[in-house]
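Sequences and hints are given; from them, build the entire structure.
Number of protein chains: 4
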Amino acid sequence: MAYVSFDSAKKTDFVAVGRLCIDLNANEINRPMEETTTFTKYVGGSPANICIGMSRLGLQTGFIGKVADDQMGRFITRYLEANGIETSNVTTDRTGAVTGLAFTEIKSPTDCSILMYRDNVADLKLEPTEVSEELISRTKMLLISGTALAQSPSREAVFQALDYAKKHGAVIAFDLDYRPYTWVSDAETAVYYNLAAEKCDIIIGTREEFDMMEQFERNPERDDRITAAKWFDYSAEIVVIKHGKEGSIAYTKDGASHRADSYPAKVIKTFGAGDSYAAGFLYGLMQGWDISRCMSFGSAAACIVISSHSCSDAMPTSEQVNDYIARCERGEITAS
Amino acid sequence: MAYVSFDSAKKTDFVAVGRLCIDLNANEINRPMEETTTFTKYVGGSPANICIGMSRLGLQTGFIGKVADDQMGRFITRYLEANGIETSNVTTDRTGAVTGLAFTEIKSPTDCSILMYRDNVADLKLEPTEVSEELISRTKMLLISGTALAQSPSREAVFQALDYAKKHGAVIAFDLDYRPYTWVSDAETAVYYNLAAEKCDIIIGTREEFDMMEQFERNPERDDRITAAKWFDYSAEIVVIKHGKEGSIAYTKDGASHRADSYPAKVIKTFGAGDSYAAGFLYGLMQGWDISRCMSFGSAAACIVISSHSCSDAMPTSEQVNDYIARCERGEITAS
Amino acid sequence: MAYVSFDSAKKTDFVAVGRLCIDLNANEINRPMEETTTFTKYVGGSPANICIGMSRLGLQTGFIGKVADDQMGRFITRYLEANGIETSNVTTDRTGAVTGLAFTEIKSPTDCSILMYRDNVADLKLEPTEVSEELISRTKMLLISGTALAQSPSREAVFQALDYAKKHGAVIAFDLDYRPYTWVSDAETAVYYNLAAEKCDIIIGTREEFDMMEQFERNPERDDRITAAKWFDYSAEIVVIKHGKEGSIAYTKDGASHRADSYPAKVIKTFGAGDSYAAGFLYGLMQGWDISRCMSFGSAAACIVISSHSCSDAMPTSEQVNDYIARCERGEITAS
Amino acid sequence: MAYVSFDSAKKTDFVAVGRLCIDLNANEINRPMEETTTFTKYVGGSPANICIGMSRLGLQTGFIGKVADDQMGRFITRYLEANGIETSNVTTDRTGAVTGLAFTEIKSPTDCSILMYRDNVADLKLEPTEVSEELISRTKMLLISGTALAQSPSREAVFQALDYAKKHGAVIAFDLDYRPYTWVSDAETAVYYNLAAEKCDIIIGTREEFDMMEQFERNPERDDRITAAKWFDYSAEIVVIKHGKEGSIAYTKDGASHRADSYPAKVIKTFGAGDSYAAGFLYGLMQGWDISRCMSFGSAAACIVISSHSCSDAMPTSEQVNDYIARCERGEITAS
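Chains as they are written, first to last, in full-length UniProt numbering: chain P, 1 to 336; chain G, 1 to 336; chain V, 1 to 336; chain R, 1 to 336.
Hints are not guaranteed to be accurate.
The list makes no distinction among identical chains, and a pair is therefore deemed to hold if it is satisfied within one copy or across any two copies.
[Stated by the list, open to error] Derived SDA-like pairs: lysine to any residue, alpha-carbon spacing no greater than 20 Å straight-line:
| id | residue 1 | residue 2 |
| --- | --- | --- |
| 1 | K253 | R222 |
| 2 | K107 | E217 |
| 3 | K230 | S137 |
| 4 | K107 | E35 |
| 5 | K245 | E209 |
| 6 | K107 | D13 |
| 7 | K199 | Y178 |
| 8 | K167 | R218 |
| 9 | K266 | D211 |
| 10 | K107 | T40 |
| 11 | K199 | K230 |
| 12 | K199 | D233 |
| 13 | K199 | S336 |
| 14 | K167 | E214 |
| 15 | K199 | E217 |
| 16 | K253 | R293 |
| 17 | K166 | F216 |
| 18 | K107 | R74 |
| 19 | K166 | Q215 |
| 20 | K230 | H168 |
| 21 | K166 | S235 |
| 22 | K167 | K199 |
Note that these hints are calculated values from the structure, not bench results.
Quick caveat: nothing in here was measured; it's all calculated off a predicted structure.
Here it is in structure tokens:
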């Protein structure tokens with residue numbers, strides 16, 4: 001049974017809106033950043049990674065965002081284009097904003113952290129008047145991401161994109177992707193996350209992210225079913241709640257819950273796991289697969305990314321994901 | 001037929017959220033402010049005026065807002081209390097914010113203007129965590145006002161109040177009350193007005209205010225019926241669109257439109273007309289009157305206020321309104 | 001002996017730079033402001049008051065400042081012009097700044113306070129490029145005031161005015177006039193007060209104001225002579241330190257100290273005492289009087305102002321000051 | 001003849017105050033930054049580079065500054081310490097500020113540019129109360145740098161450091177180092193540069209930097225002698241004005257001007273030339289050399305740095321500089 005259906009008459013499969021930034025990944029890993037001296041530059045940002053992932057998986061994709069008027073901004077736009085992503089709605093800031101940066105520190109495969117540069121970043125300068133209704137009108141699925149809600153005018157641009165998506169019947173997915181930078185308070189965060197989530201068909205986040213959204217409500221046991229039910233009263237059809245090592249559970253409006261097997265991986269770092277999972281999962285939904293298969297496919301895609309040095313650049317094709325699953329099933333891959 | 005119904009089990013009739021400020025009305029009128037030397041101090045702000053009006057009309061009322069920690073703030077709280085308004089949810093700013101001011105200039109009865117002080121004002125510092133769910137849970141009607149959406153954290157406080165009102169079944173009225181101060185852009189304004197209006201049962205505004213909300217939509221003829229229909233697709237039951245001298249029209253979800261007669265008045269100034277109209281109209285709805293009678297009552301209340309020097313202090317009792325209507329019908333009052 | 005000498009070839013006697021604002025004085029006095037309902041509007045701001053005082057005393061004066069583009073700003077400019085003050089260098093803000101306000105509360109003659117509106121005020125928007133070198137080049141004395149140092153770009157405008165005054169040989173007087181509003185920290189305050197004071201010939205302030213300037217230095221006994229000596233090492237010729245009820249002491253570079261008798265007054269409020277004192281004292285210096293006579297004249301001018309409802313509007317002529325002194329000497333005036 | 005003399009009883013030779021940041025130098029050079037993928041991390045910032053240079057040349061040095069509370073900040077402090085620089089007055093920001101970044105782009109040896117990250121940087125958060133009077137009291141020479149004047153509270157910290165240096169008799173050098181980032185206006189820039197320069201013994205800058213400081217003055221021919229004479233009227237003994245390829249001229253208070261020969265270099269990039277020149281020149285002054293010899297030594301130090309990939313890390317020892325000069329004199333080094 002398909003919980004969401006896509007308008008096959010629309011030409012563009014998938015459009016993401018939000019953060020576009022640069023990852024600077026330490027080349028010398030398994031040590032603190034104080035001791036690393038060289039970094040490699042990649043395109044980053046959760047919705048960018050997911051969009052690149054969707055494009056690698058073979059979909060027609062586009063991006064709605066804003067880049068700095070500098071070498072970093074041009075690098076991002078060129079990379080998106082080189083990956084087949086439509087950039088007609090990637091605008092350029094003219095106010096002197098910079099490109100957001102994420103320096104990654106990999107002390108060990110399980111001890112990773114990020115040093116963020118999020119002051120005066122171009123991606124948060126996207127104006128609601130810059131969002132293309134035309135692009136959204138011909139798109140099957142729109143993905144929004146929580147960080148784009150963190151500041152004006154990007155916040156308003158996301159609400160305007162949601163308005164266009166509702167008007168034109170796009171399926172809306174919300175990757176919560178909560179990051180504390182630039183939010184003023186927890187209460188502000190909860191208010192806008194909730195206002196956006198009310199309008200979404202698919203909501204994907206960690207248990208902690210849903211907890212943050214429930215600070216004005218009563219769910220003392222942090223019960224997934226109470227969480228999911230709230231959103232089914234609005235627009236949601238599928239709510240995926242991630243429980244870290246215990247795995248993810250997808251709840252559907254019909255009252256069912258869905259799990260999937262996980263795969264082993266030789267982990268280099270944890271960054272990018274959520275983005276590649278989301279890409280794989282949403283790709284599966286667009287293929288009409290059942291929820292468990294979507295989740296398995298997402299898990300395998302995540303395994304490939306966390307076994308690699310980068311996030312965006314490691315996003316797999318569907319052949320690579322299928323091959324990974326096959327190799328796991330043949331016992332050729334074991335955990336690190 | 002009642003378009004909206006109120007939960008008679010609730011103890012509080014009416015609660016307003018938003019702006020509380022000080023009006024400083026020129027005592028020497030019919031001249032430019034450069035030539036006035038003395039001013040009289042009144043409590044002001046559209047939702048404050050409406051709430052005072054509702055209290056004068058005999059309802060149980062309360063206010064959700066924030067005042068400065070100074071003489072002006074204490075004056076406001078005392079005035080509300082002296083008018084029988086519950087102030088348990090009027091909090092006091094501790095960050096050094098000031099009380100908003102409105103110096104009024106009355107060059108002639110038809111040429112009035114306001115000099116506003118809206119920098120760092122206490123009313124826009126209301127936090128979502130300060131909004132009392134308990135108060136809203138026992139309230140029949142919640143009124144929100146557009147200026148409270150103009151800045152964070154007051155903007156989030158309004159959305160949180162809306163959330164509580166929906167949860168507890170309060171009827172929600174939205175007095176658009178658009179003022180350009182403190183808004184960053186027209187696009188930002190439209191986005192938040194629309195997000196709030198989606199959740200409201202009764203929306204009251206001028207044609208120009210609805211135009212501002214429709215900048216991302218197509219209504220080239222500025223057609224009231226297109227405007228009203230949009231909100232009936234969300235939560236609205238009644239949409240009142242004011243056309244200045246041509247009078248107001250109330251549209252209802254059943255497709256009907258309603259007008260009322262207007263009354264003559266000896267106009268001193270135009271300030272406060274909309275607030276007293278709103279109080280009278282909403283009061284009528286709470287009495288179960290038909291729409292036209294509500295509109296007439298509001299119009300008569302407005303006439304009384306614009307014939308007086310102040311706004312808040314001139315809000316009439318229901319006896320005064322009924323008496324005014326009776327005198328008009330006897331031909332004892334003619335236009336100035 | 002004249003401690004400072006003025007260039008008699010210059011056409012303009014006195015120019016002040018800095019704050020121009022509006023005083024709103026409670027008409028109902030001897031009560032808290034919560035209980036006052038009407039206010040009277042006057043021009044205010046310490047350098048404005050001093051300049052008005054100098055003009056009333058018969059000098060050729062001018063002002064360097066910035067007013068809001070509104071009724072309050074126009075009122076200020078007109079009042080200065082009506083008092084014979086050259087306003088060629090009073091510019092008008094075009095950024096939407098407001099006029100600073102000071103609501104005065106007079107609980108008793110000795111218990112007075114001010115409620116200030118200093119957010120986004122026009123007077124602090126004066127740009128260094130707007131300061132007229134031509135005006136300063138033909139001015140005998142320039143007065144600066146501490147509040148104008150409280151924020152950029154007004155701060156830079158004052159330093160530029162000081163630069164022009166040094167270049168063209170104007171005598172520079174510094175009325176410390178420290179107000180905590182808008183300063184970020186005590187350390188910031190001390191740094192800029194000291195940088196400005198280094199360039200001044202005459203420095204007038206309270207003991208507490210000089211203490212604030214000495215926070216990076218050692219003067220544990222708060223010794224006036226240590227304070228004065230520091231400035232004599234820079235440019236100062238006269239340092240006046242006010243000790244409240246114990247009276248003021250003027251220190252001069254030759255090592256002398258000077259006191260003056262005080263006069264009785266029927267005090268209504270304390271506001272404006274310092275400004276009228278400064279006007280009277282500086283006026284005396286420009287007449288070539290000895291320091292004690294300057295101080296007496298300033299004291300008598302102050303008595304006249306504190307016996308009145310306003311500050312600026314009560315600034316006396318020299319005939320009024322002389323008459324006041326004569327009446328005191330005849331025993332016709334006794335303390336309230 | 002020695003134009004400046006140093007107090008040999010003081011234990012610390014040289015202390016710099018101001019910017020501490022990170023250079024991220026493109027590893028793949030001679031191409032636009034869009035096409036570079038890896039970067040190497042170095043300590044940067046003009047005063048940091050000069051201080052590292054002085055330490056390499058064998059002097060006892062210290063730094064007054066502020067670093068971010070993150071991996072970048074700790075890297076900077078450790079690098080200074082590893083280079084023998086006292087860091088007792090390098091404080092750590094606790095407000096969430098970041099480390100300033102400079103991504104360098106080397107399109108060709110003569111076409112280099114920098115992409116700066118200067119929003120919310122820790123170095124500009126240095127407070128005047130954090131400047132150590134004790135450190136300055138035992139220092140022979142204090143170096144200030146223009147970028148530290150670009151924002152509060154760092155601006156005030158520099159003025160406080162100047163105050164301590166004057167009080168304790170340290171020679172003060174001012175490396176103008178004008179960068180447009182974070183300054184609000186040219187007028188603001190000129191005002192603070194001039195206020196600081198008034199207090200300095202040695203001023204080093206480009207002709208364009210001095211032009212920027214003279215925007216309120218008349219020097220239409222951009223005459224070096226008019227420029228230098230202004231500062232000799234304040235505290236200056238030596239004013240070095242750099243004319244790019246035409247070389248530098250040092251003016252001294254006695255009316256003399258001094259030039260030096262330049263040396264050939266195999267240039268990789270131009271970054272760091274000014275910093276290494278300043279280090280070499282000031283080092284020479286502290287050795288009591290004549291001005292021309294100081295300038296030659298500075299030029300040779302600059303040649304070494306511009307022939308290398310980094311700035312800070314390439315700062316030479318005095319043996320390296322002497323060796324470079326000797327090899328140039330033997331004709332072993334020719335221009336690239």
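Hint-by-hint comparison with the structure:
{"no.": "1", "hint": "K253 to R222", "result": "within (19 Å within a copy, 40 Å between copies)"}
{"no.": "2", "hint": "K107 to E217", "result": "neither (38 Å within a copy, 48 Å between copies)"}
{"no.": "3", "hint": "K230 to S137", "result": "between (28 Å within a copy, 19 Å between copies)"}
{"no.": "4", "hint": "K107 to E35", "result": "within (10 Å within a copy, 28 Å between copies)"}
{"no.": "5", "hint": "K245 to E209", "result": "within (16 Å within a copy, 52 Å between copies)"}
{"no.": "6", "hint": "K107 to D13", "result": "neither (38 Å within a copy, 40 Å between copies)"}
{"no.": "7", "hint": "K199 to Y178", "result": "within (18 Å within a copy, 26 Å between copies)"}
{"no.": "8", "hint": "K167 to R218", "result": "between (32 Å within a copy, 13 Å between copies)"}
{"no.": "9", "hint": "K266 to D211", "result": "neither (31 Å within a copy, 58 Å between copies)"}
{"no.": "10", "hint": "K107 to T40", "result": "both (16 Å within a copy, 19 Å between copies)"}
{"no.": "11", "hint": "K199 to K230", "result": "both (12 Å within a copy, 17 Å between copies)"}
{"no.": "12", "hint": "K199 to D233", "result": "both (11 Å within a copy, 15 Å between copies)"}
{"no.": "13", "hint": "K199 to S336", "result": "neither (40 Å within a copy, 51 Å between copies)"}
{"no.": "14", "hint": "K167 to E214", "result": "between (28 Å within a copy, 14 Å between copies)"}
{"no.": "15", "hint": "K199 to E217", "result": "both (19 Å within a copy, 19 Å between copies)"}
{"no.": "16", "hint": "K253 to R293", "result": "within (18 Å within a copy, 45 Å between copies)"}
{"no.": "17", "hint": "K166 to F216", "result": "between (26 Å within a copy, 14 Å between copies)"}
{"no.": "18", "hint": "K107 to R74", "result": "between (31 Å within a copy, 16 Å between copies)"}
{"no.": "19", "hint": "K166 to Q215", "result": "between (27 Å within a copy, 17 Å between copies)"}
{"no.": "20", "hint": "K230 to H168", "result": "between (24 Å within a copy, 15 Å between copies)"}
{"no.": "21", "hint": "K166 to S235", "result": "both (10 Å within a copy, 16 Å between copies)"}
{"no.": "22", "hint": "K167 to K199", "result": "both (11 Å within a copy, 17 Å between copies)"}
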